[in-house]
Amino acid sequence: MTITTLPEHLLSIRDTFGLSLDGQALALQAGATQVPAADPAYRFNPEVTQAILAGFTHNRRVLVQGRHGTGKSTHIEQVAARLNWPCLRVNLDGHLSRLDLVGKDTIQIQDGLQVTGFQEGLIPWAMQRPMALILDEYDAGRPDILFVVQQLLEPDGGLTLMDQNRVIRPHPQFRIFATANTLGLGDTSGLYHGTQLLNHAQLDRWNVVARLDYLLAEQEMEIVLARVPDKNTPTGREQVQAMVALAALTRHGFACGDLSTLMSPRTVITWAQNHAIFHDLELAFRLSFLNKCDLSEHPLIAEYYQRCFGTELTLEPLAAGQTA
Amino acid sequence: MTTATPLRRLHRAHELGAAVARALTDDPSIHHRQQTLYRGEQRLASLAPHIRPDAHDQAHSLRGVADSLALRRLHTRRALHANRLPEEPVARLFFDWLELLRTETLAGSQWPGVRQNLRTRFERWSAGYHHHGHTRSELGLLVYTVAQMVWSRLNGWPVLEETEDLIESTRAGIAPLMGGLLQTLKRSVADQDRYGLAALELAERIGLTIKELRPATSRPSNAETPELQDFALLLPDSNDPSDGGLRHGQERTAQDAQHSPYRIFDRSGDKEEQMADLVRAPLLRQLREQLDQNIAAYGLPLPRLVARMRKMLRQPVREQWQYGQTDGLVDGRRLAQLICSPQERRLFKQVDEPLRNQCAVTFLLDCSGSMKDQAQTLAVMVDVLARALERSGAQTEVLGFSTQTWNGGRPYRRWLARGKPAQPGRLNETSHRIFKAASSTWRQARPAIAALLKQDLYREGVDGEALAWACQRSLALTAKRHLVYVISDASPMDSATALANGPDYLDQHLLQVLRVYERQGVEITGIGLGLDLGALYRHTLVAHMEKGLDQQFLDDFIASLAPGRARHGR
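If you read the protein sequences in the order shown, they are chains V and H. Residues in the first sequence are numbered from 2 upward in steps of one, following our numbering. Residues in the second sequence are numbered from 381 upward in steps of one, following our numbering.
Chain H on its own, in the form it takes in the complex (with noise of 0.2 angstroms):
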């Protein structure tokens, strides 16, 4: 059994993060996708280089980065803020990074503790900006002077101490394109509109003082001095969705990229297979004893997982009584049959059971040729997953995909046959294994999930339409919840399919699926094994494989068990 790692912690602050803003906010809709918070499909970002989390991160001062978009949430109207945005980069950085430092002083003082991350969160990235040598350029100095004059004047705190001698001659040199706006900002920080002017005066300003110092210092035969680097680092990626998430008001996601429908070149060699039918039965006895033997050195204790289960899934009906019943409460409608006939006992009622378990769990393994050396382990947790669900009640399925073939198979050769032709789609023959059906018990299963053991089956993996049929399997089960897990170690991969129709073509598939999926209401999650595969799904768990199953991640899958978490993100 071992402790959470930094990977599982960081997850986990990153999750109460935004359980934090959803309070703060009172908006179920924010949730958070790897290191960002959303509101549904919006991104919530900011261009402030001080919220911006950084791999170096620690739990706590994270706390600052959920806070912040909170506010801004709370009091930025989008919409105004949109339509002010300047175009160009320098003003448009200053211009959203005030907007933030304005909607951060609003922390109401029944929030002290807000603030106080607010600050610590501002202190570190500037120690950590003027730590890294950022200051020691003209440009890099300028920029950190502004953050540091605007934050300190706003909130009334001292700037940092460590550098208040290095802005001294930048602060004087500014006063002049501060002028009185520094003091317009503070006198207006409750009113966006009247804030938002001067906020859009100072940063138009900054951004001219910017380009005039700019050619000064970079000399055109090498463009990589440090000082632009330095500058370079704080404005944001022109692929990051959170700059073109605030432009002319509309919010961009990873998903709207434009890409053509999603086909598939030839589905003839298409196969959905029974796992137990693949492996010869001598050998899938042997490995079951395998498992089995895997399975006992954890000595897990089942009956008290299955117990956690059913706690976690049982959800209400509505309340239904049983009648004539031979004890219970007394049924007053019967009273006079008992007069009638003093032997007749069945006079009483009983409630039915008020919970019940109606939900419909279902695993989903990638079966890619990375996922081998974790077979073991994968194994033995899928197993005992899928058996403590059973117990408590739940409908289960163990499905796999993979492909046929590497490298295309037959269908990518009739495409090279036919002279390659552009967009292509899919081009691989896909097998979609089950290794435990819903129809089928845990025990009749047992032999099936033991082929997870056979190596030689895992191969590439298009994870979209998998996805796509295991929700639709789900969705044919009558319960009140369909559950997906999607256990994988990494995107969809598909050589020859990447190959012909690009690298991301696959992944945005896979988007679409989830979207449709989400939408028809099932709750789907991506345990990501060794990492966090929050890129691709909303809600995702972090399982370390190296050191085989331990207590942290099914204390972690029992509470993604939890009902009302689907909400998030509607």
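So here's chain V without its partners, still in its complex pose (with noise of 0.2 angstroms):
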């Protein structure tokens, strides 16, 4: 299998990610097949970027880590859709077994009879192309899927099919990124079930660990904004500004222990599009957000709710102390 590197050429940080930064980014000629598509309305975190740009300029290993709906994996897709690097995100749910990942013995129809060919999974797949791979969910990851990728974390990491007598070297512009929920030390916030907790060696050998957490509420606003661009008026934007106040109060009830649910930005552009088909706010807020929550939860809601709009939230007359 012969796969052309790609050409190369530097982008200024600054022109293209609209950040205060010197500095050049590695970047690949347009036209490869699976860039994802870029968003002109996503805002970069400047820590954050500089990291991701350190895993695709420099060939380091980035994890990313932070909340669910913080924006880690997109943030990843965004930096390399202007990079014009192609992307694979692999999901490590617990249902992906190692035989996905490295590949297996197939049975195949060649000259109209039935043979057994090695297909390759995933990872050889990728790390022989000009290809970022992102490995999402990384600590919900099992051990025997984790130690797969153990080997591709070394400096130019090659990849050992021992039923093939084969190593696979990657390929120079293949990167390989993360991200994950927790910092390999298990959850305990109680909303990450099933997450794992990583060993350390595994988690040593990433070079780089950047941590994301929610927007600034300016930064989240002009997301909105961006993704609904019908509430860019003087209400609109006052609007959204008590929609992301709200969410932020979501997140820090979270944090207290409070609520089970909280809002993430996803969920914000959620309520502002939904406000647009229903015409009522607090209509499109029971539908977007509301009705996810325990009813239990739903009279804290409804403070929060106040807090951000001065207006009473309606609940329905069961919600009062139930928790069924």
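Treat the hints as calculated values from the structure; they're not laboratory data. Using N, Cα and C, we set each Cβ at its ideal position, and we do this for glycine too. One or more hints might be untrue.
Pairs of lysine-lysine residues, derived as DSS-like cross-links and limited to a Cα-Cα distance of at most 30 angstroms, are as follows [what the hints assert, rightly or not]: (1) V:Lys293 with H:Lys860; (2) H:Lys651 with H:Lys752; (3) H:Lys729 with V:Lys105; (4) H:Lys834 with H:Lys752; (5) H:Lys834 with H:Lys927; (6) V:Lys293 with H:Lys691; (7) H:Lys860 with H:Lys691; (8) H:Lys651 with H:Lys800; (9) H:Lys691 with H:Lys752.
Going by beta-carbon spacing under 8 angstroms, a handful of chain V positions derived as facing chain H [claimed, not checked]: (10) Glu219; (11) Leu250; (12) Gly254; (13) Gly311.
Need the complex rebuilt from these two chains, each delivered in its own frame; the hints are there to steer you.
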């Protein structure tokens, strides 16, 4: 298999990402397939962008950690989109097996006869191409899967295919990233069931660990406005400001253990979009977020709503004290 | 089934207020006790009269209190404020009040509801102050006018329309006093340091003016003139920890009062008793039948209760696989085995149940005399809850405490015989009662629980020791969470001990015990029968027993089982 290296060039970080950072980032020539689409509304977090660019430009292994909905994978994809770097996202959920990743013998038809042949898994396929492999939910991956990845994390680490007697060397433009909700210490919040304690040797092999928190209120507001341009009126901006403030309260409420659900930036955007459909802010809120929450938490969310909008959220009578 | 009582509604409003304050400040250690917000062991308080909760507060007007305290927590640098706080009470009151008014103006534009709540609260206080006739005295009117002027200027809101004319002349009169200070205050709301200097000057000027005014308005022969009474209402009670809380930047808490260490005069008569042994078996059977009839009369849907409790108490355990199963997911490592012996079917693996109830729940019942009247409902409550909790997978204990005799018994007599030495410590024989131990099932403990109905066993109560005993028993169990519910209708009471050591001796010990075991991770909740036990317990529930066990209480109880709640106030 011959996959040629794509022509490279350098881009100014300042111009490409709109950040006040000096320096240049390695980019590939446009035209490659599997490059994610660029979202012009996307706002980059300077620190995380730097970390991800180190991954692309200097071939560092970058782990991005943060709560759900902070846009970890999207952040990597949006950087890749601007660098024209093809991406492959793999979700390390509980059902992904080692064979899926590495490859397995399958029965194939050759010249009308059934023969067994080795079919490469996702990792060998990706690592022989100019490709950024993004391992999502890294901390949910089972130990047997993570140890496949461990080899790759070494500098220029290859992948040994035991039953093929073959070692695959990574393509010079192959990059590897991961995202995780926890930092390998398991879940203390109760939100991320199924996350694993990471082996420290594993964690140690990631060269760069970036932490992505929720965006600042102004940044989040700009993103929502860019996604839902109809809201970009004086009244609309006020509404979006209150929506973002409410989202922040739910996040704090979650961190304090008062709520079991929080509003991610994604939910705020959905709420703004649904408002355009239903023309009723409260109804849109109910349908986009409130109905996802446990009934017993509705009164507290109604209090948050009152603080951010100055109006009362009507609750169903059942909600008072009901936990079922 | 009853609806929420006013006490419960108020309790709920305070809880919601505290939760909002937690979210506004992003500080999980904020929680409420009785009517006040605390941050850990520190009381979040202000001297400002308009945010002092009173008995007539409605739930919605309490919003302003929590919001105001949250803003103060966000925007006041405590050390700076405490260093400037004057000693003179009136100046102190105004300096603190001015600072609170400053932080209230800093509610961001993203929280219009907070601004609205603060405004409602201030206007409600103003109207109340005026309607209670406090503005009739010169002193009262002066205080009122200053507050109105500052509040109106800082927020850009009009003064209360009703009193606009009333304050006009006072306003003109104190204009020279306020001078340019009001302007400085307005300009420097965002800068605590600059604002504080101006506020201090203003507070001291008002303090002096009031000092001058006081001898003129009060006659020495009758210090209880209405004007001074009015003003005394504004000044904080000298015993109020919120005052001391701000002194020299140190928070004083209810627990900090210096007391001699807790002592026990004589423990020779203390007993740990199995309740089933204390009551004759035929009587116990009879009581159990009575209890079963009472429970049946409620028609409680037990399976539903169990399901709700299970949902609350289950916690994730790390995912584990069970190998060698005959169904489930294919275990890749066994494929070779399949080829060697095609008959082999144990090739599958299954994920172990990831959620499990690993909690120990203890009920500790106060068996003091005043609880007798509620014994019927109490027995139903404990029996139903223990049974449902056990079925949801938790380990449960039902314990009780009382004393062997009334008025001290033998230790008291021994103390008298020894010539009443000072500070003897606890002077009674305690009875720690086991209705249901964790090692026995609800079915085994059924008769013993019915012993709760035997009324002559109710005497006095030494809560602190009993709580320590219950917590130790709970901690000895292998469980991830240890929950202890103390069910009581009052503070600890043992007349002989109170007589010899002072009335709050047992209260102080209970507070110490609470602190010790909460630090060890025991989640302790006080269930007050018809009252809020917030003066003693950090987490409280209110049960109204006159109308029996109601749905609202069950809902509150189940909500209190939620994990995470324990983190508040740590």
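- Does the structure keep V:Lys293 and H:Lys691 at a Cα separation of 30 angstroms or less? holds, 17 angstroms
Discussion item. For H:Lys651 and H:Lys800, compute the direct alpha-carbon distance and say whether it is at most 30 angstroms.
Written reply: Holds, at roughly 24 angstroms.
- H:Lys651 and H:Lys752: Cα distance at most 30 angstroms? holds, 21 angstroms
Check your understanding: With 8 angstroms as the cut and Cβ atoms as the points, is V:Leu250 at the interface with chain H?
Key -> holds, 4 angstroms
*asked:* What's the verdict on V:Lys293 and H:Lys860, does the C-alpha distance respect the 30 angstroms limit or exceed it?
replied: Since the Cα atoms of V:Lys293 and H:Lys860 sit roughly 28 angstroms apart, the hinted pair holds (cutoff 30 angstroms).
Tell me if V:Gly311 is really an interface residue toward chain H, meaning its C-beta lies closer than 8 angstroms to one of theirs. Since the shortest Cβ distance to chain H is 4 angstroms, the answer is holds.
- prompt: Does the interface hint hold: is V:Glu219 within less than 8 angstroms of chain H, judged Cβ to Cβ?
  reply: violated, 10 angstroms
Would you mind confirming whether the straight-line C-alpha gap from H:Lys834 to H:Lys927 stays at or under 30 angstroms?
Holds - the C-alpha atoms of H:Lys927 and H:Lys834 are around 21 angstroms apart, at most 30 angstroms.
- Distance restraint between H:Lys860 and H:Lys691, which requires alpha-carbon spacing of 30 angstroms or less: holds, 16 angstroms
Would the pair H:Lys834 and H:Lys752 pass a check requiring their Cα atoms to be no farther apart than 30 angstroms?
-> holds, 9 angstroms
Holds or violated: H:Lys691 and H:Lys752, Cα atoms, limit 30 angstroms.
Since the Cα atoms of H:Lys691 and H:Lys752 sit roughly 34 angstroms apart, the hinted pair is violated (cutoff 30 angstroms).
- Cut-off 8 angstroms, beta-carbon criterion: hint that V:Gly254 touches chain H: With a closest approach of 4 angstroms, the V:Gly254 hint holds.
Hints 9, 10, counting from the list given before, are not met by this structure.
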